[in-house]
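Asks: Going down the list, the protein sequences come from chains A and B.
This note's numbering applies: residue 1 is where the first sequence begins, and numbers increase by one.
This note's numbering applies: residue 284 is where the second sequence begins, and numbers increase by one.
To be clear, the hints were calculated from the coordinates, so they are not data collected in a lab.
Hints are not guaranteed to be accurate.
Partner residues are not named here, just some residues of chain B that face chain A (Cβ under 10 Å, in silico) [as the list claims (entries may be wrong)]:
1. E450
2. V451
3. L457
4. T458
Here are the simulated DSSO-like cross-link-like pairs (lysine-lysine), alpha carbons at most 27 Å apart as the crow flies [stated by the list, open to error]:
5. B:K442 x B:K480
6. A:K217 x A:K254
7. A:K109 x B:K453
8. B:K453 x A:K103
9. A:K217 x A:K235
10. A:K126 x A:K109
11. B:K442 x B:K453
12. A:K103 x B:K442
Keep in mind the model is a prediction, meaning the values are calculated, not measured.
Virtual Cβ for every residue (Gly too), placed ideally from N, Cα, C.
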Amino acid sequence: MLELHDLSKTYGLNDSSVSTVNAVDGIDLTIEEGEFVSIIGPTGCGKSTLFELIGRLIEPTDGEVRIDGDTITEPDERIGMVFQDTSTFPWLSVIENVEFGLKMNGVDKTERRERAREMIELVGLKGFEDASPTELSGGMNQRVAIARTLVMNPDIILMDEPFGALDEQTRLILGEELLRIWRETGATILFVTHSINEAVHLSDRIAVMSARPGRFKEVVENPLPRPRTDEVLGKDEYNEIVNRLWDELRSESKKGLQQKMEEEAQEHGAPEGVQEHGAPEGA
Amino acid sequence: MAVESGHGIGSVDLGDRANRIRIYQTLVVVGLLGLIEFLPRFGLVEPTTLIPLTEMLSEIVSLTLSGELTPHIIQTFTAIFAAFALGILTGIPTGVLLWRYESLKDVLDPYLLTYYAIPVFAFYPLLIAIFGLNIMPIITIAWLFSVVIIITNTASGLKEIPDIYPEVGKNLNLTSAQMFRHIYLPAATPYVFTGFKLGFIYALIGTVASEFILAENGLGWLISFSYDSFDVQTMYASMLFVILVSLAVNIALIMIERRLYRRART
Numbered sequence: 001m002l003e004l005h006d007l008s009k010t011y012g013l014n015d016s017s018v019s020t021v022n023a024v025d026g027i028d029l030t031i032e033e034g035e036f037v038s039i040i041g042p043t044g045c046g047k048s049t050l051f052e053l054i055g056r057l058i059e060p061t062d063g064e065v066r067i068d069g070d071t072i073t074e075p076d077e078r079i080g081m082v083f084q085d086t087s088t089f090p091w092l093s094v095i096e097n098v099e100f101g102l103k104m105n106g107v108d109k110t111e112r113r114e115r116a117r118e119m120i121e122l123v124g125l126k127g128f129e130d131a132s133p134t135e136l137s138g139g140m141n142q143r144v145a146i147a148r149t150l151v152m153n154p155d156i157i158l159m160d161e162p163f164g165a166l167d168e169q170t171r172l173i174l175g176e177e178l179l180r181i182w183r184e185t186g187a188t189i190l191f192v193t194h195s196i197n198e199a200v201h202l203s204d205r206i207a208v209m210s211a212r213p214g215r216f217k218e219v220v221e222n223p224l225p226r227p228r229t230d231e232v233l234g235k236d237e238y239n240e241i242v243n244r245l246w247d248e249l250r251s252e253s254k255k256g257l258q259q260k261m262e263e264e265a266q267e268h269g270a271p272e273g274v275q276e277h278g279a280p281e282g283a
Numbered sequence: 284m285a286v287e288s289g290h291g292i293g294s295v296d297l298g299d300r301a302n303r304i305r306i307y308q309t310l311v312v313v314g315l316l317g318l319i320e321f322l323p324r325f326g327l328v329e330p331t332t333l334i335p336l337t338e339m340l341s342e343i344v345s346l347t348l349s350g351e352l353t354p355h356i357i358q359t360f361t362a363i364f365a366a367f368a369l370g371i372l373t374g375i376p377t378g379v380l381l382w383r384y385e386s387l388k389d390v391l392d393p394y395l396l397t398y399y400a401i402p403v404f405a406f407y408p409l410l411i412a413i414f415g416l417n418i419m420p421i422i423t424i425a426w427l428f429s430v431v432i433i434i435t436n437t438a439s440g441l442k443e444i445p446d447i448y449p450e451v452g453k454n455l456n457l458t459s460a461q462m463f464r465h466i467y468l469p470a471a472t473p474y475v476f477t478g479f480k481l482g483f484i485y486a487l488i489g490t491v492a493s494e495f496i497l498a499e500n501g502l503g504w505l506i507s508f509s510y511d512s513f514d515v516q517t518m519y520a521s522m523l524f525v526i527l528v529s530l531a532v533n534i535a536l537i538m539i540e541r542r543l544y545r546r547a548r549t
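With the rest of the complex left out, here is chain A (with noise of 0.2 Å):
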């Protein structure tokens, strides 16, 4: 189980020169072993500060994440995380890639190309596991960085966007080899979107994120039954969903824009280059 307990991160607190910006605000959250929650929210409402926080890289202002009662204070094992960007290591073939955990954790060999094979044939890229990412599309990048996550045997799963650089088609692809990853593994998933489709169709629950400060402003059960087939995805029930989250999310998303385009604003008026979020390492 997984709880965010009044979850904040304020930048620039330390920074006297540049004002503080409350990037994610009071966030709680229980999430049940095994289901899958996606957070959806407008652009810059503090998605990926969220995601970043649950994974411990960065240090929460105030509030707590625990898993299984405990609260975390670093980055902890029993959290995998999928990032946006390419994140697989080029000067790595693909099974060094998803055994680089297991070596860092000190496997032994034979044990690690067992266990990174089995993810690679888990995640459908079986003959490729001498390839090097450089000879591969997004999407299989996003495939070798699952399965880099997935050897590691995460109880829960976070994911940052992580079919958003990629096309439409490759897209559900990959939603729906991820689906059938969530079955076969029985891990948790907390999956970040800006696509309120995908959301509708991967997820068990969908919390509704609010411009920044980003906080929850609802947490929408899914009723949509399992599978999602053409069916289900058919169905009045699958619009009525999707029209009920863009309500939701459209008067936060009109708000987000209107902090994007000010911020922009006040970059171009000011001189000295104020950074977006007022970063901490600022003069």
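For chain A, the structure is supplied; the task is to place chain B on it using the hints.
Replies: Same frame as chain A, now just chain B:
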């Protein structure tokens, strides 16, 4: 790179263009070599000024076979490799420090950027006063020449690493040693290697040029000595020898470099 990015539209034309350019480039080299061969042969240039290319080559062969070149080759390459090794040993840690401590980099940046404006050779009297007339002043000059490019390439190579790679390491809760050895180092390798390549070439230039002015043997000395004693054959042979060796090393380094960059491109 330019050709790469042009792929897609009209890549065939670009390929043709690239081929044409390659043909012209070859013609330039062949033409120059032909001039060197035939100008003296046809008596258009005094044989005391320039000797034909083939004569230079046969002179290299006979100098090598007679063993005359050997001590000079040893002397010169000892200096080059010593300077280059020193450059790596001092340059890499300095580059890492500059990357780790941003304020140190901010302080040193203007000096590093203008460094190559300093005529390092002008320090040779000082170095002779310190080390005496031996190989040390040469190694020092060659090292001073090569180390800075290694420093700056190491620092910027580490700085250019996309944030995403260390984030993957963070998620795995790697120690800082693991992070450096398995993520930062391999990710920066192509850039660092470019620093090595240039560093080696600079060490070579530094060594041969220093030998002109402050040595009693070595290939640079041999060139200047045979010039002084009107030994045109030996002079051109040793000049050509230096050029051929540095070309060969350069080609080898460029090939390794290309392979590294190809592996690093996502």
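Asks: Classify the hint on L457 of chain B as holds or violated, based on whether any CB of chain A lies nearer than 10 Å to its CB.
Replies: 6 Å, holds
Asks: When you check the alpha-carbon spacing of K103 of chain A and K442 of chain B, does it fall within 27 Å?
Replies: 26 Å, holds
Asks: Holds or violated: K126 of chain A with K109 of chain A, Cα cutoff 27 Å?
Replies: Roughly 19 Å separates the two Cα atoms, so the pair holds.
Asks: CA of K109 of chain A to CA of K453 of chain B, is that 27 Å or under?
Replies: 23 Å, holds
Asks: Holds or violated: K442 of chain B with K453 of chain B, Cα cutoff 27 Å?
Replies: Satisfied, since the Cα-Cα distance of roughly 17 Å is no more than 27 Å.
Asks: Does V451 of chain B hold up as a contact with chain A if the rule is Cβ-Cβ below 10 Å?
Replies: Hint holds; V451 of chain B Cβ to chain A Cβ min 5 Å, cut 10 Å.
Asks: Against chain A, run the beta carbon of E450 of chain B and see if the smallest gap drops under 10 Å.
Replies: For E450 of chain B, the interface hint holds, since the closest Cβ of chain A sits about 6 Å away, which is under 10 Å.
Asks: Holds or violated: K217 of chain A and K235 of chain A, Cα atoms, limit 27 Å.
Replies: 26 Å, holds
Asks: Does K103 of chain A lie within 27 Å of K453 of chain B when you go C-alpha to C-alpha?
Replies: 15 Å, holds
Asks: Can the restraint linking K442 of chain B and K480 of chain B be considered satisfied, given a maximum Cα separation of 27 Å?
Replies: Cα-Cα ~19 Å, so holds.
Asks: Would the stated hint for T458 of chain B survive a check requiring a Cβ distance to chain A of less than 10 Å?
Replies: Where the cut-off is 10 Å and the nearest Cβ of chain A is about 9 Å from T458 of chain B, the hint holds.
Asks: Next pair to validate is K217 of chain A with K254 of chain A; report whether the Cα-Cα distance is within 27 Å.
Replies: 15 Å, holds
Hint compliance for this structure: every hint is met.
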